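Enquirer: Start from chain S and add chain Z according to the hints.
Residue numbers (the numbering used here), protein chains in the order written: chain S, 1 to 171; chain Z, 1001 to 1133.
Mixed in with the good hints, there may be bad ones.
What the hints assert, rightly or not - Derived lysine-lysine pairs resembling BS3-like cross-links, with alpha carbons at most 27 Å apart:
hint	chain 1	residue 1	chain 2	residue 2
1	S	K161	S	K75
2	S	K148	S	K75
3	Z	K1019	S	K58
4	S	K58	S	K148
5	Z	K1019	S	K160
6	S	K161	Z	K1019
7	Z	K1019	S	K148
8	S	K58	S	K75
9	S	K161	S	K148
10	S	K148	S	K160
The set of hints was computed from the structure by calculation and includes no laboratory data.
Being a predicted model, the structure only gives us computed values, none of them experimental.
Read off the chains here:
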Amino acid sequence: MAIESGEFRRLVETHQRMVFSLALRVTGEHGAAEEVAQDVFLELFRGGDKLESADHTKFWLRRVTVNRATDVLRKRTRQPEASAEEFVEGQHEEENSEALSAAVVALLEELLRTLPEPMRVAVVLRYQEDMLPEEIAQLLQQPVATVKSNLQRGLQLLRKKAAVTMREYVR
Amino acid sequence: MNGPEEMNEFEQRLAQAMKHLDAPEGFADRVMARAASVADAPRSGLRHADHGTGKVLVMLRRQWISPQTRTWVSGALAASLVAGVFMASQVHERREKARVLATQQFEESQRITDQAMEKARAQLKRAGIDLDQ
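Isolated chain S (complex conformation) (with noise of 0.2 Å):
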């Protein structure tokens, strides 16, 4: 992919938030996010001329994302306990967002990361990038059932550590 069309760079600009959102929520550090996002970028670049259309890049930039991310996340010997403002810093909202306070936000964010990684992998796909259990088997090379039983577990185990931090939060 040539540097000098253009093209490129227009495809960072279009993917990066996804991208690096993708790989913060994963690995849950915007350090080893941003260097997951920069490599993704990289490998899109040395090889991107092999994708065909938006969909199949998108398809590409998200399987790319989770699979380093996750790798990421394996070698970790140690999870980091990351404060819930490190989130909120790197965090910009839409303006015409809903009136989620930024501490809920970043609470919600912190109870994420204590999901083990399939189950989170699997919420961060369905919430953050809205994607079906189908779509989230399909880019994890995955059985749909898995897949649902990840996102259904995932679910619980949040809503459980939220009844216990944020009782105001859930109904």
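Expert: Here is chain Z on its own, set in the frame of chain S:
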């Protein structure tokens, strides 16, 4: 859990909380800088830090070597290997011959020395000096 319309309240709020986040300031520029260095690497012939050795070899194989050239290179490598084995066996044979010759020369010199010693011993014995006593 099959579509946004079927999400319960908790799921909807979760989806609202999980909006895309902005990438860090200057992210795109940093990616472009790394991409530019990667693009320069093959032209300069240097290995870029982002490549592992395996990746470089794969890249070289994919980008610069045609299938015909690859076949030719494989044949040349095989021929080099055979020639190497042949030369190694020749060297080994030469060294073995030299070793046998050296052994023969040593044994011959030993035999001559023994004879000379025996002759001197006999002459001394005749003069009344017996070295064995």
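Enquirer: Each of the hints needs a verdict: does it hold here or not?
Expert: Results for each hint:
1. At most 27 Å may separate the alpha-carbon atoms for a hinted pair to count; S/K161 and S/K75 meet this at roughly 26 Å.
2. At roughly 26 Å between alpha-carbon atoms, S/K148 and S/K75 fall within 27 Å of each other, so this suggested pair holds.
3. Between Z/K1019 and S/K58 the alpha-carbon distance is near 17 Å, which keeps this suggested pair within the 27 Å criterion.
4. For the suggested pair S/K58 and S/K148, the alpha carbons sit about 22 Å apart, so the restraint of at most 27 Å is met.
5. Distance restraint check for Z/K1019 and S/K160: the Cα-Cα separation of roughly 22 Å lies within the 27 Å cut-off, and the hinted pair is therefore satisfied.
6. Proximity of S/K161 to Z/K1019 is assessed by CA-CA distance (about 21 Å); at most 27 Å being required, the pair is judged to hold.
7. Proximity of Z/K1019 to S/K148 is assessed by CA-CA distance (about 22 Å); at most 27 Å being required, the pair is judged to hold.
8. For the hint pairing S/K58 with S/K75, the CA-to-CA distance comes to about 26 Å; that is within 27 Å, so the pair holds.
9. Restraint check for S/K161 and S/K148: satisfied, since their Cα atoms lie roughly 20 Å apart, inside the 27 Å limit.
10. This hinted pair checks out: S/K148 and S/K160 have alpha carbons roughly 18 Å apart, not beyond 27 Å.
In this structure, every one of the numbered hints holds.
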